[in-house]
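Protein chains in written order, with my numbering: chain W, 38 to 333; chain Z, 37 to 292.
Treat the hints as calculated values from the structure; they're not laboratory data.
Just so you know, not all the hints are guaranteed correct.
[Unchecked claim] Have a look at the derived ranges for each label pair, beta carbon to beta carbon:
| hint | chain 1 | residue 1 | chain 2 | residue 2 | range |
| --- | --- | --- | --- | --- | --- |
| 1 | Z | R149 | W | Y45 | 26 to 34 Å |
| 2 | W | T127 | Z | G191 | 41 to 49 Å |
| 3 | W | E94 | Z | S160 | 34 to 42 Å |
| 4 | Z | L123 | W | K244 | 44 to 52 Å |
| 5 | W | S197 | Z | A134 | 36 to 44 Å |
| 6 | Z | W198 | W | N64 | 22 to 30 Å |
| 7 | W | T161 | Z | I270 | 38 to 46 Å |
| 8 | Z | A134 | W | V284 | 30 to 38 Å |
| 9 | Z | V41 | W | S216 | 49 to 57 Å |
| 10 | W | S170 | Z | I270 | 53 to 61 Å |
[Said to hold, decoys possible] Pairs of lysine to aspartate or glutamate, EDC-like flavour, derived with a Cα cap of 20 Å:
| hint | chain 1 | residue 1 | chain 2 | residue 2 |
| --- | --- | --- | --- | --- |
| 11 | W | K40 | W | E100 |
| 12 | W | K250 | W | E266 |
| 13 | W | K257 | W | D286 |
| 14 | W | K244 | W | D58 |
| 15 | Z | K289 | W | E329 |
| 16 | W | K112 | W | D91 |
| 17 | W | K143 | W | E130 |
| 18 | W | K255 | W | E329 |
| 19 | W | K257 | W | E324 |
| 20 | W | K244 | W | D50 |
| 21 | Z | K290 | Z | D216 |
| 22 | Z | K289 | W | E106 |
| 23 | W | K163 | W | E121 |
| 24 | W | K250 | W | E320 |
| 25 | W | K40 | W | E121 |
| 26 | W | K174 | W | D118 |
| 27 | Z | K45 | W | D142 |
| 28 | Z | K131 | Z | E243 |
| 29 | Z | K131 | W | E121 |
| 30 | Z | K289 | W | D91 |
| 31 | Z | K56 | Z | E132 |
| 32 | W | K257 | W | E329 |
| 33 | Z | K45 | W | E130 |
| 34 | W | K40 | W | D58 |
| 35 | Z | K290 | Z | E132 |
| 36 | Z | K76 | Z | E100 |
| 37 | W | K89 | Z | D216 |
| 38 | W | K89 | W | E106 |
| 39 | W | K174 | Z | E132 |
| 40 | W | K112 | W | D160 |
Quick caveat, the model's predicted, so the values are computed rather than measured.
Glycine included, every Cβ here is placed at the ideal spot set by N, Cα and C.
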Amino acid sequence: MLKINGLYKRFGDKEVLCGLDMHVPANSVFGFIGRNGAGKTTTMKAVLGLIKTDAGEIFVDGERVRYGETQTNRKIGYLPDVPEFYSFMTAREYLRLCADITGMDKNEVASRTEELLTLVGLDTEKHRIGGYSRGMKQRLGIAQALFARPRLLICDEPTSALDPVGRKEILDILSAAASQTTVLFSTHILSDVERICTDIAFLDGGKNALCGKLADIKAKYRADEYVIETENAEGANALLAAFPTLVADGCALSLKDADGMLFDVLRFVSERGIPVIRVERSEPSLEALFVEAVEK
Amino acid sequence: MRGFVAFVKKEFTEQLRTGKLFMLAAVFALFGIMNPAVAKLTPWMMEQFAESLAQTGISITEYEITAFDSWLQFFKNIPMALIIFVLAECGIFTKEYASRTLVLCLTKGLTRRRVMLAKTFVLSILWSVLYFACFGITYAYSAYFWDNSVVCSLGFAVLGWWLLGMLCVALVPFFSALFDANTGVAAGVGGVIVASYLLGLIPRLAEYTPAFLMKSAPLMYGQADSGEYTYAVIVTAILIVASVAAALPLFNKKQL
Numbered sequence: 038m039l040k041i042n043g044l045y046k047r048f049g050d051k052e053v054l055c056g057l058d059m060h061v062p063a064n065s066v067f068g069f070i071g072r073n074g075a076g077k078t079t080t081m082k083a084v085l086g087l088i089k090t091d092a093g094e095i096f097v098d099g100e101r102v103r104y105g106e107t108q109t110n111r112k113i114g115y116l117p118d119v120p121e122f123y124s125f126m127t128a129r130e131y132l133r134l135c136a137d138i139t140g141m142d143k144n145e146v147a148s149r150t151e152e153l154l155t156l157v158g159l160d161t162e163k164h165r166i167g168g169y170s171r172g173m174k175q176r177l178g179i180a181q182a183l184f185a186r187p188r189l190l191i192c193d194e195p196t197s198a199l200d201p202v203g204r205k206e207i208l209d210i211l212s213a214a215a216s217q218t219t220v221l222f223s224t225h226i227l228s229d230v231e232r233i234c235t236d237i238a239f240l241d242g243g244k245n246a247l248c249g250k251l252a253d254i255k256a257k258y259r260a261d262e263y264v265i266e267t268e269n270a271e272g273a274n275a276l277l278a279a280f281p282t283l284v285a286d287g288c289a290l291s292l293k294d295a296d297g298m299l300f301d302v303l304r305f306v307s308e309r310g311i312p313v314i315r316v317e318r319s320e321p322s323l324e325a326l327f328v329e330a331v332e333k
Numbered sequence: 037m038r039g040f041v042a043f044v045k046k047e048f049t050e051q052l053r054t055g056k057l058f059m060l061a062a063v064f065a066l067f068g069i070m071n072p073a074v075a076k077l078t079p080w081m082m083e084q085f086a087e088s089l090a091q092t093g094i095s096i097t098e099y100e101i102t103a104f105d106s107w108l109q110f111f112k113n114i115p116m117a118l119i120i121f122v123l124a125e126c127g128i129f130t131k132e133y134a135s136r137t138l139v140l141c142l143t144k145g146l147t148r149r150r151v152m153l154a155k156t157f158v159l160s161i162l163w164s165v166l167y168f169a170c171f172g173i174t175y176a177y178s179a180y181f182w183d184n185s186v187v188c189s190l191g192f193a194v195l196g197w198w199l200l201g202m203l204c205v206a207l208v209p210f211f212s213a214l215f216d217a218n219t220g221v222a223a224g225v226g227g228v229i230v231a232s233y234l235l236g237l238i239p240r241l242a243e244y245t246p247a248f249l250m251k252s253a254p255l256m257y258g259q260a261d262s263g264e265y266t267y268a269v270i271v272t273a274i275l276i277v278a279s280v281a282a283a284l285p286l287f288n289k290k291q292l
């Protein structure tokens, strides 16, 4: 859906993008992760043809993006980090403007407006946008971005300025939107990525430090490590005495199953009747993967 | 075309709901009324000052007010109305740069060309309607109190100032493509008009400058023929087209 090849962008003497390559597959929810100032917004604006890049190519659905031209934007819905609207309009009037700009069939405008305002919870709102809270503007931002049924929805840090309730609402809406479109969203909140993304890319030093399907990346970095948590300290101590290589964190004991030790531990637990709260395979956290990718 | 019409509609709604249209309409209507009113009140004002002026040795003789006085007031006041118009509207682009509201429209596929042309079109309509409304009010009152037919080439003199206003309108998108702040746009528009005025001080260049169109009194008194303004009209028209044409590529490459 989106292909970026060798993208370079310099602001003064600061090189923000140094040969970024990225591929966003169709029908994915793509998390574009990076520290503040890593170049996420610059990349997104380049995709939208809003800034001139120094080198590289961008293709949206096979069509090349050119700076200053907006033809490819007909396939894109865009939600900026802080969306700004014409404050003198109501949400319905604004969506009507979007419909006219995108050339939507006039018969469809009213039903699509109601459908999206209901999706984002603004269907009963009659006031002008000037009186909206930040969360309401963000929700209207999603509605306008989805209005013309874009092939690609680009969201620039859609949750970073919101409170926990607002964040949950936006993530739920984006999850729902993912059934209709490819979603690319930038963020530095890794829990948001783990919650809804199917694919990720870590941006560091102006390049792609790690990219691929979230499940594949996690599998690749997954160590054969397990955690057993006993109900009481006696059980944990008995296990520690029998298996000195276990690493204890309170009643939670972790082990590396390099030589099939897990089954010996489970047999020991079963024979002694040690009460257990959980036995689970440890998943590598996104934070750990991010730090590892960045430090490489 | 639908995108252009939608954006024009949005611009007019903005002018209306932000109160700018009402403010400008009030200013132009006030000027329209003031022109004949000041002319009508001139004898009364002279009478009020006659005594104090007499003490300084100036004696007031009876002076007959005609439509000339009303139209002289019109051409004295219209520069102020034009300045107010430019100051009120010079932020039509830059306000959207600052608020980033334009970004969402552009990312929906609305071309920058349409945005620029829509805003220029709205400014042209606003200037034309407000200016001719002001003219209409002055004309109606002047016709009621006096006789407008005593003024020579009134139509051409009025069109000259309208054309000068259209040049200011065309300069707004040009300087908005160059500057990010409305102060830059206002200074640019003002700078061009001042430069034109200064060039007009050179006798050989005077009739080729847009500022020549400001000289409405010789036309009204029949001391000048409208044909003498041909070069100024042509130069102004070329500048209007050139400003808009140059603004298009500049605006296309502007970083938003």
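Hint check:
Range check, R149 of chain Z to Y45 of chain W: Cβ separation about 28 Å, and the 26 to 34 Å hint holds. Evaluation of the 41 to 49 Å hint for T127 of chain W and G191 of chain Z yields a pass: the beta carbon distance comes to about 44 Å. E94 of chain W and S160 of chain Z have their C-beta atoms about 40 Å apart, which keeps the hinted 34 to 42 Å range intact. For L123 of chain Z and K244 of chain W, the hinted distance range of 44 to 52 Å is satisfied, since their beta carbons lie about 48 Å from each other.
Checked against the hint of 36 to 44 Å, the pair S197 of chain W and A134 of chain Z fails, with Cβ atoms roughly 22 Å apart. Separated by about 57 Å at the C-beta atoms, W198 of chain Z and N64 of chain W break the suggested range of 22 to 30 Å. As the Cβ distance of T161 of chain W to I270 of chain Z is approximately 59 Å, the hint placing it in 38 to 46 Å is violated. Here the CB-CB span from A134 of chain Z to V284 of chain W is close to 56 Å, at odds with the stated 30 to 38 Å.
Range check, V41 of chain Z to S216 of chain W: Cβ separation about 34 Å, and the 49 to 57 Å hint is violated. The hinted window of 53 to 61 Å between S170 of chain W and I270 of chain Z holds, with their beta carbons roughly 55 Å apart. Between K40 of chain W and E100 of chain W, the direct Cα distance comes to roughly 10 Å. Compliance with the 20 Å bound is thereby established for this hinted pair. Proposed proximity of K250 of chain W and E266 of chain W is contradicted: the alpha carbons are some 30 Å apart, above 20 Å.
Distance hint between K257 of chain W and D286 of chain W is unfulfilled; the C-alpha atoms sit about 25 Å from each other, more than 20 Å. Between K244 of chain W and D58 of chain W the alpha-carbon distance is near 7 Å, which keeps this suggested pair within the 20 Å criterion. At most 20 Å may separate the alpha-carbon atoms for a hinted pair to count; K289 of chain Z and E329 of chain W exceed this at roughly 40 Å. Between K112 of chain W and D91 of chain W the CA atoms are separated by roughly 24 Å; this puts the pair beyond 20 Å, and the hint is violated.
For the suggested pair K143 of chain W and E130 of chain W, the alpha carbons sit about 14 Å apart, so the restraint of at most 20 Å is met. Proposed proximity of K255 of chain W and E329 of chain W is supported: the alpha carbons are some 12 Å apart, at most 20 Å. A hinted pair counts as satisfied when its Cα atoms are at most 20 Å apart, and K257 of chain W with E324 of chain W qualifies at roughly 15 Å. As the CA atoms of K244 of chain W and D50 of chain W are separated by approximately 17 Å, the hinted pair is consistent with the 20 Å bound.
For the hint linking K290 of chain Z to D216 of chain Z, the alpha-carbon distance of about 10 Å falls within 20 Å, and the restraint holds. Between K289 of chain Z and E106 of chain W, the direct Cα distance comes to roughly 9 Å. Compliance with the 20 Å bound is thereby established for this hinted pair. Using a Cα cut-off of 20 Å, the hinted pair K163 of chain W and E121 of chain W holds, with the two alpha carbons roughly 18 Å apart. Between the alpha carbons of K250 of chain W and E320 of chain W the distance comes to roughly 15 Å, so the proposed pair stays at or under 20 Å and holds.
Taking the CA atoms of K40 of chain W and E121 of chain W, the gap is near 28 Å; set against the 20 Å cutoff, the hint is violated. Using a Cα cut-off of 20 Å, the hinted pair K174 of chain W and D118 of chain W holds, with the two alpha carbons roughly 11 Å apart. Pair hint K45 of chain Z plus D142 of chain W holds up; C-alpha atoms about 18 Å apart against a cutoff of 20 Å. A threshold of 20 Å between alpha carbons decides the hint, and for K131 of chain Z with E243 of chain Z the separation of about 37 Å lies outside it, so the pair is violated.
Our distance criterion of 20 Å between C-alpha atoms is met by K131 of chain Z and E121 of chain W, whose separation comes to about 12 Å. Among the hinted pairs, K289 of chain Z with D91 of chain W is consistent with the structure: their alpha-carbon atoms are about 14 Å apart, no more than 20 Å. The straight-line distance between the Cα atoms of K56 of chain Z and E132 of chain Z is roughly 16 Å, inside the 20 Å bound, and the hint therefore holds. Between K257 of chain W and E329 of chain W, the direct Cα distance comes to roughly 13 Å. Compliance with the 20 Å bound is thereby established for this hinted pair.
The straight-line distance between the Cα atoms of K45 of chain Z and E130 of chain W is roughly 11 Å, inside the 20 Å bound, and the hint therefore holds. For the hint linking K40 of chain W to D58 of chain W, the alpha-carbon distance of about 8 Å falls within 20 Å, and the restraint holds. The straight-line distance between the Cα atoms of K290 of chain Z and E132 of chain Z is roughly 13 Å, inside the 20 Å bound, and the hint therefore holds. Only pairs whose Cα atoms come within 20 Å are accepted, and K76 of chain Z paired with E100 of chain Z is accepted, the gap being roughly 10 Å.
Using a Cα cut-off of 20 Å, the hinted pair K89 of chain W and D216 of chain Z holds, with the two alpha carbons roughly 17 Å apart. Only pairs whose Cα atoms come within 20 Å are accepted, and K89 of chain W paired with E106 of chain W is accepted, the gap being roughly 11 Å. Restraint check: the Cα-Cα separation between K174 of chain W and E132 of chain Z comes to about 17 Å, which is no more than 20 Å; the hinted pair holds. Of the pairs offered as hints, the one joining K112 of chain W and D160 of chain W is violated, with about 25 Å between alpha carbons and a cut-off of 20 Å exceeded.
Hint check: violations occur at hints 5, 6, 7, 8, 9, 12, 13, 15, 16, 25, 28, 40; the rest are consistent with the structure.
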